[in-house]
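Number of protein chains: 2
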Amino acid sequence: MKQPARKFNRIQPDLRREHLVEAALRCLADQGHAGLSVRKIAAEANVSVGLINHHYDGIDRLIAHAYETLSQGIFDRVTGAVAPAVGTARDRFSAFFREYFSPDIFDPKLLGVWVVFWSLIRHSPEMKAVHDRANAAFCAVLEGYLSDLAMERSGGDGGPPPAAARVAAIGLSALLDGIWLQWCLNPDTFTIAEAIAIAESWVDGFVNGGHGRLAG
Amino acid sequence: MKQPARKFNRIQPDLRREHLVEAALRCLADQGHAGLSVRKIAAEANVSVGLINHHYDGIDRLIAHAYETLSQGIFDRVTGAVAPAVGTARDRFSAFFREYFSPDIFDPKLLGVWVVFWSLIRHSPEMKAVHDRANAAFCAVLEGYLSDLAMERSGGDGGPPPAAARVAAIGLSALLDGIWLQWCLNPDTFTIAEAIAIAESWVDGFVNGGHGRLAG
DNA sequence: TTTATTATTGAACGGATGTACAGTAATTGG
DNA sequence: CCAATTACTGTACATCCGTTCAATAATAAA
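Taken in sequence, the protein lines are chains A and B.
Sequential numbering from -10 applies to the first sequence in the numbering used here.
Sequential numbering from -10 applies to the second sequence in the numbering used here.
No lab work stands behind these hints, which were simulated from the structure alone.
Given the structure is predicted, the values throughout are model-derived calculations rather than measurements.
One or more of the hints may lead you astray.
If chains are identical, the list can't say which one is meant, so a pair holds when it fits in one copy or spans any two.
[What the hints assert, rightly or not] Below, simulated DSS-like cross-link-like pairs (lysine-lysine); rule was C-alpha separation at most 27 angstroms, straight line: (1) LYS98 / LYS117; (2) LYS(-4) / LYS29; (3) LYS117 / LYS29; (4) LYS117 / LYS(-4); (5) LYS98 / LYS(-4); (6) LYS98 / LYS29.
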């Protein structure tokens, strides 16, 4: 027979915060906005209600921390799959898409978490700050990929002006977000293969100079 | 001096429901998820708390009705701006974009409402049904526009196969959603003019056959 | 005018929420 | 080994939530 679990399970604050963040993400994934509750998160993490207010100034702070953590994790994962100097710039896009359109990302539960975060941005400066940072970083990466692609194609002699790469990156970012959103809201309307085709096709259009209008 | 407002203000059920929907949308626009409350909506509509449960089986039904109403309104407005047989098919896209990228649509408050709706889809079959219907209708319209465009360009002799139009419509729909989402979450990263350029550029790419990969 | 119907009110109820706080125990430093 | 620190528990409190329901009043029907 096992002895009763210890009531006071003391661990390092950093580790505890990590556990709380994971519990919060699980609650949001399972229950959406209804999972955004001190009591539910505490139960999920097997701790008492009061502990959250000991480690965070309030539940809003915990949620912001969870947003930051998840956001960073996805960024690292997706960009980490693209080796910087291997293959052509065009190949790097395919590698990027292969990671982006994976079951871990294209998961209705993940979007469920994200949508709750989005709903909090407009009324929480803290959440907005996390979003702005993550979004800027993501667009910057895409802009780098696109610049490489333009350079590679033109051989360095007068590729598209830098302004085009910035707007193009915003366009691609929006396209990827939109595909992710629509597929997760209803996975039955199109397949992942079709989603990849849409993204690859957009890059083809960029390579073929079809986006010249963006230079203006 | 004005006499005190009558306590019992009786109106037709249809009109009352309309008022309740409008009040609900105002609450969501102003307070996000926090505005999703019987008491706040009732106060906004200047009625008692109990009235909502008299006209709807529960607040979820009211929200679903609000989703349906807003969704239909936007659809009518955006598609209504495109006269069917005037100008070229390419011109029709520009007319469509002019309406879509208008301040009434590109309004952070409107996205704030929408994001709450999205967050409810996964746990409410009713909300999901509204979304699926609206989304299918929107994609069908875009597919029609794209078919016209392909027809116009090829003169009717062997334009892109129908399958391409379907996937292309999904891609354009995702692009428009993504631009809307990103701009509303942070209107400072790019301008509406740039947003229009991105959309127009996508259509240019479609016209120039840059999306051949989508034929599957 | 009388009756039936129903839109509307507002109080009541049980339950869930976030935060505050006094008490408890595990760790750390001397 | 003792003291100080702090991670942790669990109750208490005030507030909000959605729904129910008897009472009320405005309209429609007869």
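**OP:** Check each numbered hint from earlier against the structure, then list the numbers of those it violates in ascending order.
**Re:** Violated hints: 4, 5; rest satisfied.
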